[in-house]
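Asks: For reference, the chains in residue letters:
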Amino acid sequence: GAVVSQHPSWVICKSGTSVKIECRSLDFQATTMFWYRQFPKQSLMLMATSNEGSKATYEQGVEKDKFLINHASLTLSTLTVTSAHPEDSSFYICSASVGTSGEGETQYFGPGTRLLVL
Amino acid sequence: AQTVTQSQPEMSVQEAETVTLSCTYDTSESNYYLFWYKQPPSRQMILVIRQEAYKQQNATENRFSVNFQKAAKSFSLKISDSQLGDTAMYFCAFTTSGTYKYIFGTGTRLKVLA
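Chains A and B are the protein sequences, given in the same order. Using my numbering, read the first sequence as starting at 636 and increasing by one per residue. Using my numbering, read the second sequence as starting at -8 and increasing by one per residue.
Because the hints were derived from the structure by calculation, they are not lab data. For each residue, glycine too, the CB sits at the ideal point set by N, CA and C. Among the hints, erroneous ones may be present.
[Stated by the list, open to error] Calculated from the model, a selection of chain B residues having no Cβ within reach of chain A, i.e. all distances over 10 Å:
#1 Gln(-7)
#2 Met2
#3 Ser3
#4 Thr9
#5 Gln35
#6 Glu52
#7 Arg54
#8 Phe55
#9 Asp72
#10 Ser88
#11 Gly96
#12 Thr97
#13 Ala105
[Claimed, not checked] With a cut-off of at most 27 Å between alpha-carbon atoms, the simulated DSSO-like pairs for lysine-lysine come out as follows:
#14 Lys676(A) / Lys69(B)
#15 Lys655(A) / Lys701(A)
#16 Lys102(B) / Lys64(B)
#17 Lys676(A) / Lys699(A)
#18 Lys92(B) / Lys64(B)
#19 Lys64(B) / Lys46(B)
#20 Lys699(A) / Lys655(A)
#21 Lys690(A) / Lys92(B)
#22 Lys92(B) / Lys69(B)
#23 Lys102(B) / Lys676(A)
#24 Lys690(A) / Lys676(A)
#25 Lys61(B) / Lys46(B)
#26 Lys92(B) / Lys655(A)
#27 Lys92(B) / Lys676(A)
#28 Lys46(B) / Lys92(B)
#29 Lys676(A) / Lys46(B)
#30 Lys102(B) / Lys69(B)
#31 Lys46(B) / Lys69(B)
#32 Lys92(B) / Lys699(A)
#33 Lys649(A) / Lys699(A)
#34 Lys676(A) / Lys649(A)
#35 Lys676(A) / Lys655(A)
#36 Lys690(A) / Lys655(A)
#37 Lys92(B) / Lys701(A)
[As the list claims (entries may be wrong)] If we take Cβ atoms under 10 Å as the criterion, some of the chain B residues that face chain A in the derived model are:
#38 Asn22
#39 Phe26
#40 Leu38
With the sequences and hints as input, model every part of the structure.
Replies: If you want it as structure tokens, here you go:
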């Protein structure tokens, strides 16, 4: 149980284009989803937290107009990198958790999406 | 500010041996939760073990166990009978009651040697 998928796993795009990454919880309803960015050999950096039906909460320093997050349902969140540039190249990981109590809910992670902007 | 520190960037262990990865954290909260996640070369983050701060008993999951020292704010992970498949990056994470966000450590890269 608690499987999270991401699509696509790999994407290469030209500079200036937009890229959408999907995150789905396959066997549970995720009340909260998270988007992380990970640089090579580094830890995960939280970009934003999203709850179904409401606006995402972005971490300090993350451009909300560049990284658009939509949490349309309890099983789907999307991250759109708008007008992507080479510096946006990275590994993007989503995670999902169940529960609304804020009492240490476990996050279940997707397999990640590697984005390369040329 | 709440922080998580993993002081061992890299470690290695012989197959079938035991290894301990260290993690310390800093918080003024009394109710919080600690996690160890594994990130193998596939980069899929996998939950290894979870510990509630209010529980005195150390969490155990098969070959994985923790040594939770609340007063010392220490949360080490012991891997017994190490296997080649344990080769991965291990991240310690922390979250407090009332928030959903994790604070991650910088990770320890573990290599299990045949």
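Asks: For which of the previously enumerated hints does the structure constitute a violation, in increasing order of number?
Replies: 5, 10, 11, 12, 24, 29
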